[in-house]
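Generate the whole structure from the sequences, applying the supplied hints.
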Amino acid sequence: DSVVVGDITPLTTMKKITLLNDFSQHGASVAPATGIMFIPAPAKKNVWDEFMKNPEKEINAIRTPPYHGDQGFIGRICQDAERWQNILPGRIISYKANIATPKMIGFNPELYDGTGNGKLPDGVSIVCFHGSPRPWNTALPWVPYFSLKNTIQSKVKQYKLSLR
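For what it's worth, the numbering used here labels the leading residue of the sequence shown as 82, then goes sequentially.
Hints are all accurate, no fakes.
Straight-line Cα separation of at most 16 Å, EDC-like style, residue types lysine to aspartate or glutamate; simulated pairs: (1) K96 x E163; (2) K125 x D161; (3) K125 x D151; (4) K96 x D161; (5) K138 x D151.
So the derived label-pair ranges between C-beta atoms look like this: (6) K238 x D194: 17 to 25 Å; (7) T145 x T196: 25 to 33 Å; (8) D203 x T93: 18 to 26 Å.
If you're looking for bench data, these hints aren't it; they were derived computationally from the structure. Beta carbons are placed, not taken as given, at the ideal position from N, Cα and C, and that holds for glycine.
Below, the structure is given as structure tokens:
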């Protein structure tokens, strides 16, 4: 789940296959993540044809994180893909890695990059919520709410965390 929080026009100028870096990875050979992808039309056919060679095998393949699910398949097929974080640094970020603090819902010390202060950084276009929490469970003012009940529950939970 992701939340668009700013201008996404820069994301529309891609020409090559573009994937996310897995937010839990660091270094030169970071695994791909497929939460936000651009696959140009000619490449889509190649990806589809590769999948259709043996869809049962691809669907049932046992892959361990970070190469699990479609990330493993897409990463294997699109090894030369550009990465959003390299092309547009700071435009697509992780809630857990770049925003959440220890007193916020979803804080994960293993993902925290040390820069998050609980606020949405300037210049961000999209915030990715990979796994838990889901955006609507954070009670953040820049996340659209989906129901009054959910919003109240999230605000109460966030308040209790802030008291710690």
